[in-house]
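**Student:** So the chains spell out like this:
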Amino acid sequence: MQRINFKNAVLYKDMMVRAKRSNMSILMFILNLLLSIVAVIIVLSLNLSLSSFQSPSGAILPWFFISVIIFESAMICLVVPPASAGSISGEREHQTLDVLLTTNMTPLEIILGKYFSCLIYIGLLLLSTLPMVSIVFIYGSISFIQILALYGTLAIVAMYLASFGIYFSTICKKSSTATILSYLAIWVLIFGTISITAIGSVIVMIRNDAMNYEIYTLHTARAWSRDPFFFLLYLNPAATVVDVVGRLIGFDFGSDVFGGMDYILYNLGDNIQKTNFFIKFWTPISIILQLAVTFSVLTAAAKILDPTTHKKAKSSGR
Amino acid sequence: MLEIKNLNKSFGRFKAVNNLSMTIGDGELFGFVGANGAGKTTTMKICVGLLAADSGEVIIDGQNTLSGGRALRNKVGYVPDFFGVYDNLTAIEYLQFFAGANGIWGSKSLPLCESLLELVNLKDKRDTQVDSLSRGMKQRLCLARALVHNPDILFLDEPASGLDPKARFELKEILRNLSGMGKTIVISSHILPELIEMCSSLGIISHGELKFNGSVEDAMLLSSGSITLEAVVTDATEKAALLIKETPSVVSCELVGNKFNIGFSGADEDITALMKKLIMNDIPLISFNKKVENVENIFINIMEGGNINAEN
Numbered sequence: 016m017q018r019i020n021f022k023n024a025v026l027y028k029d030m031m032v033r034a035k036r037s038n039m040s041i042l043m044f045i046l047n048l049l050l051s052i053v054a055v056i057i058v059l060s061l062n063l064s065l066s067s068f069q070s071p072s073g074a075i076l077p078w079f080f081i082s083v084i085i086f087e088s089a090m091i092c093l094v095v096p097p098a099s100a101g102s103i104s105g106e107r108e109h110q111t112l113d114v115l116l117t118t119n120m121t122p123l124e125i126i127l128g129k130y131f132s133c134l135i136y137i138g139l140l141l142l143s144t145l146p147m148v149s150i151v152f153i154y155g156s157i158s159f160i161q162i163l164a165l166y167g168t169l170a171i172v173a174m175y176l177a178s179f180g181i182y183f184s185t186i187c188k189k190s191s192t193a194t195i196l197s198y199l200a201i202w203v204l205i206f207g208t209i210s211i212t213a214i215g216s217v218i219v220m221i222r223n224d225a226m227n228y229e230i231y232t233l234h235t236a237r238a239w240s241r242d243p244f245f246f247l248l249y250l251n252p253a254a255t256v257v258d259v260v261g262r263l264i265g266f267d268f269g270s271d272v273f274g275g276m277d278y279i280l281y282n283l284g285d286n287i288q289k290t291n292f293f294i295k296f297w298t299p300i301s302i303i304l305q306l307a308v309t310f311s312v313l314t315a316a317a318k319i320l321d322p323t324t325h326k327k328a329k330s331s332g333r
Numbered sequence: 252m253l254e255i256k257n258l259n260k261s262f263g264r265f266k267a268v269n270n271l272s273m274t275i276g277d278g279e280l281f282g283f284v285g286a287n288g289a290g291k292t293t294t295m296k297i298c299v300g301l302l303a304a305d306s307g308e309v310i311i312d313g314q315n316t317l318s319g320g321r322a323l324r325n326k327v328g329y330v331p332d333f334f335g336v337y338d339n340l341t342a343i344e345y346l347q348f349f350a351g352a353n354g355i356w357g358s359k360s361l362p363l364c365e366s367l368l369e370l371v372n373l374k375d376k377r378d379t380q381v382d383s384l385s386r387g388m389k390q391r392l393c394l395a396r397a398l399v400h401n402p403d404i405l406f407l408d409e410p411a412s413g414l415d416p417k418a419r420f421e422l423k424e425i426l427r428n429l430s431g432m433g434k435t436i437v438i439s440s441h442i443l444p445e446l447i448e449m450c451s452s453l454g455i456i457s458h459g460e461l462k463f464n465g466s467v468e469d470a471m472l473l474s475s476g477s478i479t480l481e482a483v484v485t486d487a488t489e490k491a492a493l494l495i496k497e498t499p500s501v502v503s504c505e506l507v508g509n510k511f512n513i514g515f516s517g518a519d520e521d522i523t524a525l526m527k528k529l530i531m532n533d534i535p536l537i538s539f540n541k542k543v544e545n546v547e548n549i550f551i552n553i554m555e556g557g558n559i560n561a562e563n
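So the sequence lines, in the order shown, correspond to chains A and B.
Each residue of the first sequence is one higher than the one before, starting from 16 at the first, in the numbering used here.
Each residue of the second sequence is one higher than the one before, starting from 252 at the first, in the numbering used here.
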């Protein structure tokens with residue numbers, strides 16, 4: 016087991032270098048500009064469409080909130096790969112990796128330093144949008160705790176996705192290759208898991224000789240939980256966000272607030288059981304699984320980075 | 252003391268290091284010589300823990316370092332052949348980063364880094380961006396970086412490569428100072444004249460095998476059976492040629508213009524005797540000296556001559 020030093024020189028250095036670059040403040044400005052445009056469009060269009068007798072808050076808030084979530088999630092998906100995938104491969108490209116590996120830092124410490132510097136960077140970008148998101152407080156009915164819960168979920172998504180960026184950065188010589196692979200990994204996690212689950216469900220359906228039945232009956236909680244492909248969706252960060260958002264605001268925009276995955280499955284199948292364990296605890300299960308994957312991926316990256324653990328590794332220098 | 256025993260490393264079918272064994276004493280300035288692809292960098296990378304050996308041992312102060320770990324990292328400093336620097340960091344920040352990476356933080360870090368900058372003559376570049384330094388300065392900064400945790404042994408892979416003569420001179424002076432401070436320094440290079448001038452001992456490697464391990468003087472003696480003397484006269488070349496040729500230790504004599512190139516197998520006293528003989532016979536001698544053997548020839552002769560270990 017590698018010892019971890021909590022004073023991490025790589026983290027300090029990376030944060031210092033990132034802070035000195037102007038691209039972070041430019042990116043913050045662009046993000047907030049885009050977010051403010053979204054906010055203005057949503058608020059104006061909904062205000063105009065509503066009659067003067069209706070209170071705008073009930074209709075505006077969920078739409079604004081959902082727009083913000085989509086925006087922030089998209090921002091994470093777009094920013095995490097370039098922020099994380101250049102970390103180790105960037106050191107390799109700058110020819111500084113060898114000297115870094117001869118210091119007292121273990122490969123795991125180097126990986127964690129890179130990982131947390133990336134997370135802090137993403138976190139600062141997310142936090143910079145908080146004032147814009149706080150527009151919802153003008154109308155009320157969404158609490159600060161709910162906003163925090165949303166940001167917490169987005170932070171976990173960023174942690175999850177950044178681990179893949181770090182991993183690809185470790186195995187790829189070029190940052191560009193690592194970035195492309197990281198985008199691909201995000202694509203697979205979001206759309207691949209949905210596709211595989213859908214195809215898998217059809218296969219299960221055929222094997223169960225269920226084609227004669229109404230198709231949606233197989234989307235009952237019982238059928239879902241018996242379908243092994245269904246569990247792949249726990250690895251889908253979008254599913255986690257959808258579930259959390261559903262729990263925060265409710266997709267029916269009414270009082271019946273339940274998880275997003277409940278809502279989706281409810282609309283797919285007519286026999287959905289909301290009390291089913293796997294559905295009811297979708298968010299905690301998926302978060303625990305995603306954090307476990309994150310830990311495994313980072314540990315694997317540290318092992319790959321350790322020059323003494325892979326004896327058959329190729330070396331460019333002789 | 253650094254001791255390498257039966258070190259082997261292959262990349263696929265290619266044997267990069269073949270049963271290499273050598274010993275480097277404390278405080279030695281050791282030149283590790285070999286052609287490109289001979290196995291110098293691989294050997295160095297194994298010694299500093301950047302590559303795993305297939306078999307063999309690297310022992311530093313009685314401890315086998317191939318198991319890796321922080322104990323090894325504390326003992327060795329490494330300057331690779333290609334050194335990179337970070338953008339947006341000043342020289343002092345660069346050193347402080349590596350001090351932190353080696354566990355040196357807080358109040359200890361800044362004075363240490365400033366003293367290292369002074370040691371490598373970069374004190375006035377303290378707040379200069381690292382990427383704007385010249386190659387020679389970057390090389391010296393990398394040397395300071397390798398010294399940040401006060402290692403016992405320094406491995407420098409082709410440190411003078413790409414440096415201008417002034418930068419080479421400065422680097423050489425710093426290395427001599429470090430050697431004087433008791434550091435063991437292993438320098439790999441194929442710029443032989445510089446190594447011979449600077450190093451106390453040499454290791455010559457070819458195709459992964461160590462061909463020679465010993466002092467620079469031993470390398471010169473072993474590479475050639477005879478030495479060459481140069482004698483320049485203004486007149487009486489025929490008489491001088493007769494006198495030279497009749498001397499028993501003279502192996503060959505060649506006249507080019509008014510300069511004699513004399514192949515000589517005798518000792519230093521015989522050289523003195525020959526010079527005295529020429530003067531006593533009224534030969535108008537204007538210069539007489541021992542020609543320094545072309546170091547490239549030494550290298551080639553040793554490489555072609557099979558394994559020679561001066562210690563044996």
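Treat each hint with caution, since some may be false.
Sample of chain B residues facing chain A (criterion: CB under 7 angstroms; computed from the structure) [as the list claims (entries may be wrong)]:
(1) V299
(2) L302
(3) P331
(4) F420
(5) K528
Think of the hints as simulated: they come from the structure by calculation, not from any bench.
Backbone N, C-alpha and C define an ideal beta-carbon position, used for all residues, glycine too.
**Student:** State for each hint whether it applies.
**Tutor:** Hint check:
Interface restraint check: V299/B against chain A, minimum CB-CB distance 5 angstroms, threshold 7 angstroms, status holds. Interface hint at L302/B: satisfied, since its Cβ lies 6 angstroms from the closest Cβ of chain A, which is below the 7 angstroms cut-off. Evaluation of the P331/B hint against chain A yields a held restraint, the C-beta minimum of about 5 angstroms falling below 7 angstroms. A cut of 7 angstroms between beta carbons decides the hint on F420/B: the least distance to chain A is about 25 angstroms, and the hint is violated.
Hint status for K528/B relative to chain A: violated, with the closest Cβ pair at about 52 angstroms, above 7 angstroms.
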